[in-house]
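Chains A and B supply the protein sequences, listed in that same order.
Once you know that position 2 of the first sequence is 2 in my numbering, the rest is easy, because the numbers rise by one and skip nothing.
If you want my numbering, it's the position in the second sequence, counting the first as 1, plus 1000.
Keep in mind the hints are simulated off the structure, nothing from the lab.
A few of these clues could be false.
Derived pair list, reagent style BS3-like, types lysine-lysine, alpha-carbon separation capped at 27 Å [stated by the list, open to error]:
(1) 147/A <-> 105/A
(2) 63/A <-> 1201/B
(3) 217/A <-> 204/A
(4) 1201/B <-> 14/A
(5) 171/A <-> 147/A
(6) 204/A <-> 14/A
(7) 217/A <-> 147/A
(8) 126/A <-> 106/A
(9) 1252/B <-> 82/A
Quick caveat: nothing in here was measured; it's all calculated off a predicted structure.
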Amino acid sequence: MIELRGLTKRYGDKTAVDHLTFSVQPGMVTGFLGPNGAGKSTTMRMMLGLDSPTSGDVHIDGKRYDQLRDPLNYIGALLEAKAVHGGRSAYNHLLCMAQSNNIPKKRISTVLDLVGLSDVAKKRPKGFSLGMGQRLGIAAALLGDPKILMFDEPVNGLDPEGIHWIRNLMKHLASEGRTVFVSSHLMSEMALTAEHLVVIGRGKLLADTSMADFIAKNSRTFVRVRTPQPERMRDVLGSVGVMPVFEQDGGMQVEGIEPARIGELAAWYQVVLHELSPQKASLEEAFMQLTAESVEYHAQDQTSPQGAPQRGGPQQGGWQQQGAPQQGGPQQGGWQQGGPQQGGPQQGGPQQGGPQQGGWQPDHGGNPPRKRR
Amino acid sequence: MPHTTRVLRSEWTKIRSVRSTLWTLATALVVTVGLSAVFCALTASQFDNLGERQQATFDATQTSFSGSVLGQLAMIAFGVMVVSSEYSTGMIRSSLAAVPQRTVFLAAKIFVATMLVLVVGMITSFLAFFVGQALLGENSVSIQDEGVLRAVLGGGVYMTLLALFAMGISFVLRSPLLAFAILMPFFFLISNILTGVSATKDYAQYLPDQAGKTLTAVVPESLNRPYGPYEGLLIMVAWTVAALIAGWIVLKRRDA
Ligand SMILES: Nc1ncnc2c1ncn2[C@@H]1O[C@H](COP(=O)(O)OP(=O)(O)OP(=O)(O)O)[C@@H](O)[C@H]1O
Ligand SMILES: [Mg+2]
Chain A
1 MIELRGLTKR
11 YGDKTAVDHL
21 TFSVQPGMVT
31 GFLGPNGAGK
41 STTMRMMLGL
51 DSPTSGDVHI
61 DGKRYDQLRD
71 PLNYIGALLE
81 AKAVHGGRSA
91 YNHLLCMAQS
101 NNIPKKRIST
111 VLDLVGLSDV
121 AKKRPKGFSL
131 GMGQRLGIAA
141 ALLGDPKILM
151 FDEPVNGLDP
161 EGIHWIRNLM
171 KHLASEGRTV
181 FVSSHLMSEM
191 ALTAEHLVVI
201 GRGKLLADTS
211 MADFIAKNSR
221 TFVRVRTPQP
231 ERMRDVLGSV
241 GVMPVFEQDG
251 GMQVEGIEPA
261 RIGELAAWYQ
271 VVLHELSPQK
281 ASLEEAFMQL
291 TAESVEYHAQ
301 DQTSPQGAPQ
311 RGGPQQGGWQ
321 QQGAPQQGGP
331 QQGGWQQGGP
341 QQGGPQQGGP
351 QQGGPQQGGW
361 QPDHGGNPPR
371 KRR
Chain B
1001 MPHTTRVLRS
1011 EWTKIRSVRS
1021 TLWTLATALV
1031 VTVGLSAVFC
1041 ALTASQFDNL
1051 GERQQATFDA
1061 TQTSFSGSVL
1071 GQLAMIAFGV
1081 MVVSSEYSTG
1091 MIRSSLAAVP
1101 QRTVFLAAKI
1111 FVATMLVLVV
1121 GMITSFLAFF
1131 VGQALLGENS
1141 VSIQDEGVLR
1151 AVLGGGVYMT
1161 LLALFAMGIS
1171 FVLRSPLLAF
1181 AILMPFFFLI
1191 SNILTGVSAT
1201 KDYAQYLPDQ
1211 AGKTLTAVVP
1221 ESLNRPYGPY
1231 EGLLIMVAWT
1241 VAALIAGWIV
1251 LKRRDA
């Protein structure tokens, strides 16, 4: 078992790993997910004692890594970057690691067979393909027949056959009762292999949950409804026995009723709708949503995916109004004067934007910087 | 088998299984012996044309090791490669994952490399001596003459210490490019220039290679240093120990 307690790593004033506390259990594959730069590799290097934490610690079966004598017999790791001398044959690479850790020589041919590199055992890894290099790294990880295995993005750059092989290998290792800890930034990949999930973003722990729970919570269909009259809409839906769930940005998620029926109800009760869209949250979307705020390097394109919470909505308008005093400037005043529909009857609710407000929204689509023209 | 012995065996496997080991050590030997032989042959043919003072302070032993001015660079290259290739290839992560006791790792690596360089250095030094003396003819000396055996053994020690110094520096610098860019010009040019210029000579003669040279000299006047061979050895050892301690501190402190 691997236990992390308050594990933190700072590079200058950048915090790459931020007070991570979780444990990795034996007998299953634990997926370690996070967008690029989330701190997965840094965490794994700290687990192996390669990088020293700024604070906090990692224990492997109750010991610090550098307290392990012959650690390859406890834990084997495939790291992100190649950790092999290109000029030393695959066999000799494994030999020098086996010798220092008291691993019998015959394990070398066993693991080389296992990863399918027996034919190139005497060849230098300099000429290996990406997949072969990855297999050599896995052979090294398996060398000491360890109870704990760690793989940093093992499927990176592999062909479908290689991916399939690694997936089965990991499942097999876990079924033997080992602890398998695998990092990835692909939720779909993890959904196929991992039983447990640890999600981080910007070094912070975002989720530590079983895969089954994550799927149950996140893969479902619902209808997103946006309206300037959310209270009324809730009552309307309530009258047919449906309870909407309010989202943080003011949209509502409605389950158990067809979009067409919602539209009809809204029309009948004269509720203004700004959005009525059937949604199917894929795991990938759920993951993106979870990590959205923490994504380190956004693509330049400001458009966020459909249904993502950043999307402008009435509540967003409310936010902008709230933000107005601080942002207050001549432009803001100009906008308020310029907006002819301002101060309509619906303005009543202090935070709820009126429909006109909402009508204004699409132009400025929840994109605050654009306001300052 | 005790842990340290196993790590030593592992480091021996590492060192013998890469080509750069053979190349650098073979180059050190061939260049030192070959170049020394050329110098000796030239000296033998030109001896009568030398000035009186030069003839009086002629050091046959040192002349037969004079090819080390180039050969030592290959020894330095060996030291740099043994250490910095761990970093440039990423192997260091596998190494430290296998042996997280960093002091043991460093000690084992340095010990194995030192034993190897010592053997090659001694062979080089003795070979260069005997080939050189054969070519020097009537100006040659015998290994039994006073101070000669010490100087020839000193040649092997000199090369070993230089390689060790390079290993210590490489543990500090990590990058092979940086280590080469600093060590090569330093030992090939800068140290010699600084010692040659009178303004800096007083200080430059205490540089590691300059101090070590006294170890390989039999006629002290040929170098004209204010210290003898054993003080020279101590100075060079002090430099080497300092470099290794610096390397050890960096290895202990920094992330791999
Ligand atoms: N040696 C270092 N010096 C400075 N910053 C670093 C160093 N190593 C990592 N970082 C920073 O720490 C953060 C986390 O990096 P890390 O490589 O752990 O992320 P990751 O989750 O593995 O990302 P990816 O999915 O791209 O592999 C990044 O912002 C990175 O720039
Ligand atoms: Mg990474």
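We went through each hint and held it up to the structure:
With a C-alpha separation of about 19 Å, the suggested pair residue 147/A and residue 105/A falls inside the 27 Å cut-off, and the hint holds. Simply put, residue 63/A and residue 1201/B have alpha-carbon atoms about 55 Å apart, too far for the 27 Å limit, and the pair is violated. Between the alpha carbons of residue 217/A and residue 204/A the distance comes to roughly 21 Å, so the proposed pair stays at or under 27 Å and holds. Between residue 1201/B and residue 14/A the CA atoms are separated by roughly 47 Å; this puts the pair beyond 27 Å, and the hint is violated.
Of the pairs offered as hints, the one joining residue 171/A and residue 147/A holds, with about 14 Å between alpha carbons and a cut-off of 27 Å not exceeded. Proximity of residue 204/A to residue 14/A is assessed by CA-CA distance (about 13 Å); at most 27 Å being required, the pair is judged to hold. Taken as a hint, the residue 217/A and residue 147/A pair is broken in the structure, with Cα atoms around 31 Å apart against an allowance of 27 Å. Taking the CA atoms of residue 126/A and residue 106/A, the gap is about 24 Å. The hint holds against a cut of 27 Å.
Under the criterion of a C-alpha separation no larger than 27 Å, the hint pairing residue 1252/B with residue 82/A is consistent with the structure, at around 22 Å.
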